[in-house]
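Could you build all of it, start to finish, from the sequences and the hints given here?
Quick note on numbering: the sequence shown equals residues 1255 to 1320 in the numbering used here.
Be careful, since some hints might not be right.
[To be verified] Simulated DEER-style distance windows between Cβ atoms:
hint: 1; residue 1: Ser-1307; residue 2: Val-1262; range: 16 to 26 Å
hint: 2; residue 1: Val-1263; residue 2: Glu-1302; range: 28 to 38 Å
hint: 3; residue 1: Ile-1271; residue 2: Gly-1294; range: 18 to 28 Å
hint: 4; residue 1: Glu-1302; residue 2: Asp-1264; range: 31 to 41 Å
hint: 5; residue 1: Val-1262; residue 2: Leu-1300; range: 32 to 42 Å
hint: 6; residue 1: His-1301; residue 2: Met-1269; range: 10 to 20 Å
hint: 7; residue 1: Asp-1264; residue 2: Gly-1303; range: 28 to 38 Å
hint: 8; residue 1: Glu-1302; residue 2: Asn-1265; range: 32 to 42 Å
hint: 9; residue 1: Ile-1257; residue 2: Val-1313; range: 16 to 26 Å
hint: 10; residue 1: Val-1263; residue 2: Gly-1303; range: 16 to 26 Å
hint: 11; residue 1: Thr-1273; residue 2: Val-1295; range: 16 to 26 Å
By construction, these hints were calculated from the structure, which means they are not laboratory data. Backbone N, C-alpha and C fix where the C-beta goes; we use that ideal spot for every residue, glycine too.
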Amino acid sequence: SLISIREVVDNDDLMIITTKGIMIRQNVGEIRVMGRNTQGVRLIKLHEGDTISAVASVVGDDEEAE
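Okay, structure coming up:
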């Protein structure tokens, strides 16, 4: 199911935090636009009983991209 929608650019990072304390930080430029069969892209696999507690975008620094 859909959890969150964010407007981001390629040099931003996306942070996903679960209720069990797992956090991933992924560069947006490395995320595929579409998955197989156009069903979207899974960014995190949740363990049983775990849910997403927060999603945040971290604005990238333009100087780092150069």
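Exercise for the section: Determine whether the Cβ-Cβ distance between Asp-1264 and Gly-1303 falls within the hinted range of 28 to 38 Å. Expected result: 34 Å, holds
Exercise for the section: Go ahead and decide if the range 28 to 38 Å is satisfied by the Cβ distance of Val-1263 to Glu-1302. Expected result: 35 Å, holds
Problem - Glu-1302 paired with Asn-1265, Cβ distance criterion 32 to 42 Å - result: Holds - the Cβ-Cβ distance for Glu-1302 and Asn-1265, about 35 Å, lies within 32 to 42 Å.
Problem - Status of the given 31 to 41 Å range, CB of Asp-1264 versus CB of Glu-1302 - result: The hint (31 to 41 Å, Cβ to Cβ) holds, given that Glu-1302 and Asp-1264 are roughly 34 Å apart.
Practice task
Mind checking the hinted window 32 to 42 Å against the Cβ distance between Val-1262 and Leu-1300?
Solution key: Roughly 22 Å apart at Cβ, these two residues miss the hinted range, so it is violated.
Exercise for the section: Note whether the CB distance of Thr-1273 and Val-1295 lies within 16 to 26 Å or breaks it. Expected result: 22 Å, holds
Problem - Whether the CB-CB distance between Ile-1257 and Val-1313 falls inside 16 to 26 Å - result: 20 Å, holds
Practice task
Could you see if the CB distance from Val-1263 to Gly-1303 stays within 16 to 26 Å?
Solution key: This hint is violated: roughly 34 Å between Cβ atoms.
Exercise for the section: Hint says 16 to 26 Å; check whether the CB-CB distance for Ser-1307 and Val-1262 agrees. Expected result: 19 Å, holds
Handout entry: Whether the CB-CB distance between His-1301 and Met-1269 falls inside 10 to 20 Å
Key = Taking Cβ atoms as reference, His-1301 and Met-1269 lie about 18 Å apart, which means the hint holds.
Handout entry: C-beta pair Ile-1271, Gly-1294: status relative to the range 18 to 28 Å that was hinted
Key = 20 Å, holds
In the structure shown, a violation is registered for the earlier hints numbered 5 and 10, in ascending order.
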